[in-house]
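Since each chain comes alone in its own frame, lean on the hints to assemble the complex.
Chains as they are written, first to last, in this note's numbering: chain A, 1 to 152; chain B, 1 to 104.
Worth flagging that the hints you see were computed from the coordinates, not collected in a lab. Misleading hints may appear alongside valid ones.
What the hints assert, rightly or not - If you want a taste of the chain A side facing chain B, the calculated C-beta under 7 Å gives, among others:
1. Val42
2. Thr43
3. Asn48
4. Ile54
5. Leu68
6. Asp114
7. Asn118
8. Glu122
9. Ser124
Being a predicted model, the structure only gives us computed values, none of them experimental. Backbone N, C-alpha and C fix where the C-beta goes; we use that ideal spot for every residue, glycine too.
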Amino acid sequence: MSDIIIFLVLLAIGFTTGTIIESAHFKSIRKREKELLGIPVVTLEKANEDDTRIDSVYLATGECVVALDYFKMVLAGLKGIIGGRLGSYETLIDRGRREAVLRMKEKAKKAGCDMIVNMRIETSSIGQNANQKNGFGCVEVVAYGTAIRLKK
Amino acid sequence: MIITNIETVPGKTIVEHYGLVAGNTVRAKHIGRDIMASLKNIVGGELKGYTELLRESRQEAMRRMTEQAEKMGANAVVNVRFATSSITMGAAELYVYGTAVKVE
Numbered sequence: 001m002s003d004i005i006i007f008l009v010l011l012a013i014g015f016t017t018g019t020i021i022e023s024a025h026f027k028s029i030r031k032r033e034k035e036l037l038g039i040p041v042v043t044l045e046k047a048n049e050d051d052t053r054i055d056s057v058y059l060a061t062g063e064c065v066v067a068l069d070y071f072k073m074v075l076a077g078l079k080g081i082i083g084g085r086l087g088s089y090e091t092l093i094d095r096g097r098r099e100a101v102l103r104m105k106e107k108a109k110k111a112g113c114d115m116i117v118n119m120r121i122e123t124s125s126i127g128q129n130a131n132q133k134n135g136f137g138c139v140e141v142v143a144y145g146t147a148i149r150l151k152k
Numbered sequence: 001m002i003i004t005n006i007e008t009v010p011g012k013t014i015v016e017h018y019g020l021v022a023g024n025t026v027r028a029k030h031i032g033r034d035i036m037a038s039l040k041n042i043v044g045g046e047l048k049g050y051t052e053l054l055r056e057s058r059q060e061a062m063r064r065m066t067e068q069a070e071k072m073g074a075n076a077v078v079n080v081r082f083a084t085s086s087i088t089m090g091a092a093e094l095y096v097y098g099t100a101v102k103v104e
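Chain B on its own, in the form it takes in the complex (with noise of 0.2 Å):
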């Protein structure tokens, strides 16, 4: 599955358009990892805990694009964009979408 976030596939042709394929999720850490992270906020610096909250959150929802990608039968993903919003505080909250297509 290629992915990218420019219109095309560089070196490639678009074949056929299937249209939008997107994946989203809202990913919390335990309780314990908000509490390190409200300690953490005193000395103040990286906050790995929730990087590492943030970088799942991304893998997930790319996965649940992907796999929606696959069911068409495409095999590539183009012009992909992320948003992201804030529901409630301790989560993230990521949005990808993208036009699934089919390239030779």
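Same shape as in the complex, but just chain A (with noise of 0.2 Å):
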């Protein structure tokens, strides 16, 4: 008895402060992306600027972790069993993919660079062990590429 209590006090709290985090997550990815429009991010290996213009390069990085909450993580094993769109892993991606890719941006607007060319994505997991699929519900990522400033 004591287990399903437990259980379903964890799915309450999961629900409802998971609900808050990710709307407010959310909210501050879009304001900071609307801040952020100045740079451009682009995956071509080549700038579409002349060579004599550009004054230094860096390589600008950001990472991000995010986890489930447990309520979704729940739903997401409930799922799994009648099979198709795992909408909250599909959100949880998409948060922290641009979560990175924002941290790579205000690195990079910090450095004073203009652009960044040949933006890459790359995703660990830290919280899941490779044998085994009981690890916690989160994504890691890494997103990089090259920050150019141009000659003022």
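Put into structure tokens, the structure is as follows:
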């Protein structure tokens, strides 16, 4: 009996705080994305600029680790039985990738760079063992690219 | 040391190639951080301890790579790539590799 109560309490905590944290996070992501629109990020290898105008280059990186809440994890587990889209993981990965890209752009802006070329995203797993599936649902993202500063 | 992940260094010309340089690292946080992370997993959101872990391992891997390039006499590393893998739970595994070159 007490097991069920603990389970339900965890579900309720996960649902309420998880939803609040997620919507706050998305709000801040959207706000910062708007602020950083001035720095274009492209996956092309070459900058659309004359080489003589380029002042300096450096590698900009950003990283982020986000986790699912307990409610969404249980939901994803249940959804795994019938198959189909796992919406909770979709939003989780979306959050992680956008946050990592934003951090990369913030670093480039601090260094006075004007654009980022050849952006790449790499994901890893810290919270999960390679050989077993019962790790906790989290995603680790590293975004990196070449930041370019133009001559003023 | 100039590091880029494109094939050249814009605005400069490559005069000499030195070949592959790489750096790898496997880092873990102490058990307290792992317990905190699993508690944080109830409410979800960002796991700051693990983000920090990822940053530290990236810095460490890049430091090893640039040290190797410096030993060769290079002043830039181009076409840098990151690769990640999972060996064990609670550890961040990062491998970074690129081509050491001399630019002018």
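Each hint tested on the structure:
For A/Val42, the interface hint is violated, since its Cβ never comes within 7 Å of a Cβ in chain B; the closest pair sits about 11 Å apart. The beta carbon of A/Thr43 comes no nearer than 11 Å to any beta carbon in chain B, farther than 7 Å, and the hint placing it at the interface is violated. Taken as an interface hint, A/Asn48 does not check out: its beta carbon lies about 11 Å from the nearest beta carbon of chain B, beyond 7 Å. Below 7 Å, beta-carbon pairs count as interface contacts, and A/Ile54 has one with chain B at about 4 Å; its hint therefore holds.
The interface hint given for A/Leu68 is met, as the beta carbon of that residue sits about 5 Å from the closest beta carbon of chain B, less than 7 Å. For A/Asp114, the interface hint is violated, the least distance from its beta-carbon to any beta-carbon of chain B being 12 Å, above 7 Å. The beta carbon of A/Asn118 comes within 5 Å of a beta carbon in chain B, closer than 7 Å, and the hint placing it at the interface holds. A cut of 7 Å between beta carbons decides the hint on A/Glu122: the least distance to chain B is about 5 Å, and the hint holds.
Given hint, A/Ser124 at the interface with chain B, holds; its Cβ is 3 Å from that chain's nearest Cβ, closer than 7 Å.
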